[in-house]
Amino acid sequence: MKILGGLASVALYPADRIRLLAWHVQAYAQLGGRTLFGLVTRPFYARDTIVQLDSIGVGSIGIVLLTGLFTGMVLALQSAVEMERFGATIYIGRLVAASTVRELGPVLTALMVSGRAGSGIAAELGAMRVTEQIDALQTMGVDPVRKLVIPRFVACLIALPLLTIVTDIVAILGGLLIAVVKLGLTPELYMRSVYEALAHNGYLLTYIPVDFVMGLVKPLVFGAIIALTACHFGMRTEGGTEGVGRAATDSVVASSILILATDYFLTQIFIALLIE
Amino acid sequence: MTRIIELCGVYLSFGDRVVLNGINLVVNDRETVCVLGGSGAGKSTVLRLILGLIKPDAGEILVKGRDMSRSPYADILEMRRDMGMVFQGAALFDSLTVLDNVGFYLFEHTDMSESEIADRVAALLEVVDLNPNDVMTLLPSELSGGMRKRVAVARALIHEPCLLLYDEPTSGLDPITTRTIDDLILKLQHELGVTSVVVTHDLESAFRIADRLALLSEGDIVFEGTESDMRETQDPYVREFLA
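Chains as they are written, first to last, in our numbering: chain S, 10 to 285; chain P, 1224 to 1466.
Certain hints may be false.
[To be verified] Straight line, CA to CA, 20 Å or less: simulated EDC-like cross-link-like pairs of lysine to aspartate or glutamate:
#, chain 1, residue 1, chain 2, residue 2
1, S, K156, P, D1317
2, S, K156, P, D1298
3, P, K1278, S, E247
4, P, K1287, P, E1254
5, P, K1410, P, D1352
6, S, K156, P, D1323
7, S, K156, P, D1334
8, S, K156, P, E1301
9, P, K1278, P, E1254
10, P, K1278, P, D1443
[Unchecked claim] Far from chain P, by Cβ distances over 10 Å, these chain S residues were calculated:
#, residue
11, G41
12, V49
13, T58
14, I72
15, P170
16, A263
17, T276
18, L283
Hints are computed from structural coordinates only; laboratory data are not their basis. Built from N, CA and C at the ideal position, the CB exists for glycine as well.
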């Protein structure tokens, strides 16, 4: 009997997982809907938004600088190995710029911010949930979505594109450092190659490189994903301090997967709309 | 007598576990009702239902005649402005000072200036026997357990609610601080005419402050009455609880 019971629970296991996943999707969508509605209706919490912008945006500059610098340097180094064979090292700037501005800049920035700020948001809101501070907010007639979620959401929407620009610039400069110091290219040659890469896919409204548009729309979407995912897991924390840790972990895992998957679909859309 | 709270046939379950099995409870104006019961009996759940933080599976929860379980969210937020809640762990906002915690409601919902709010907070801190000059600028982490509870009471009172809900207000406190909190609850009832629902498992404290007592067991209210009714009843569960 015991074995049969065990088999039954194993058989039920995937069904429970699917039910839980469906519940998360529903709750996530509800939170997203309430957040979007809250963006266009009063009250607004401007002061809380500035505090969050400082915490999420300014606080992430350090890791974003390091990520950009080393990514650009590694890209230049790795591509140099292959390109030297064909005598094509002058195109290193092109490779670094194209891959950074289109993909690596937005994605790596989002993953780093998700790990640093997203986990922090989930842990902070989780701690507020288990110590009944979110209930206290509600009892005082304050909507936690407006007070806690929307300021973080707006801060992520503003911070992510700006941080991505920082990553892009620093990565290109990192590539420049390797191109000049290790490969003996001139800065002019490298920068011309960078410019060619950005101009390659044409311009939108005459002056804005299409790659640049792609590279800045993605972080907007990633910012929304990071904020909503972290707030979703944080606001639904259960099980004391253990639950807070679990919320932070789940938030980073879920937002990382969502960022990577969304990146693929966004790239498909951009290629179809802007490049083909 | 005006009814402030009416719970009519409230049923609530979490999964297979029945927490409240169709309970009925009335709290009248200016009355202090203590809800007693063992751990996990559903006492705190009653408060959360009254606040509209959770919805019952069946039944009505009327607060001043308006149903908390069926009203839209915006109305519930509005109705909560008539209520104050003292949470078991005080639930003070970690990142805010005592001034910002106690004055939170006024900062959020009124146009009062910072100095006006500070004056009001100082006056309330004195009501709960705290020296405003000593504690106003402190963070919750710098307060003792008893002080946190008193700050939580002050925060619940700042908007002069007609209904105060206390979740285990004396749990984890020493006997002297427990008595101070009890005296404070009585003072608020007598001086400010506040209606109170106090959830506790501290019998001594309950007898000191309650006009009426309700005992919860396995999802049902098995006893409701005054202290003397409770001491005289022959109900075996109540006798066991009192022993």
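Self-check item: Distance restraint between P/K1410 and P/D1352, which requires alpha-carbon spacing of 20 Å or less
Solution: holds, 11 Å
Quiz item: Is the Cβ of S/G41 more than 10 Å away from each Cβ in chain P?
Solution: holds, 17 Å
Quiz item: Does P/D1298 lie within 20 Å of S/K156 when you go C-alpha to C-alpha?
Solution: holds, 18 Å
Quiz item: Against chain P, does S/I72 keep a CB gap of more than 10 Å to every residue?
Solution: holds, 23 Å
Quiz item: Can the restraint linking S/K156 and P/E1301 be considered satisfied, given a maximum Cα separation of 20 Å?
Solution: holds, 16 Å
Exercise. Hey, is S/T276 genuinely clear of chain P, shortest beta carbon separation above 10 Å?
Key: holds, 39 Å
Practice problem: Confirm or reject the statement that S/V49 sits farther than 10 Å, beta carbon to beta carbon, from all of chain P. | Solution: The assertion about S/V49 holds, with a minimum of 15 Å to chain P.
Exercise. With a cut-off of 20 Å on the C-alpha distance, tell me whether P/K1278 and P/E1254 pass.
Key: violated, 25 Å
Quiz prompt | Verdict on S/A263 as a residue remote from chain P, using beta-carbon distances over 10 Å | solution = holds, 24 Å
Exercise. Could you let me know if the closest chain P CB is still more than 10 Å away from the CB of S/P170?
Key: holds, 27 Å
Quiz prompt | Hint consistency between S/K156 and P/D1323 [alpha-carbon to alpha-carbon, up to 20 Å] | solution = holds, 15 Å
Self-check item: Distance rule for S/T58, whose beta carbon must clear each one in chain P by more than 10 Å
Solution: For S/T58, whose nearest Cβ neighbour in chain P is about 15 Å away, the distance exceeds 10 Å, so it holds.
Consistency with the previously given hints fails for number 9 only.
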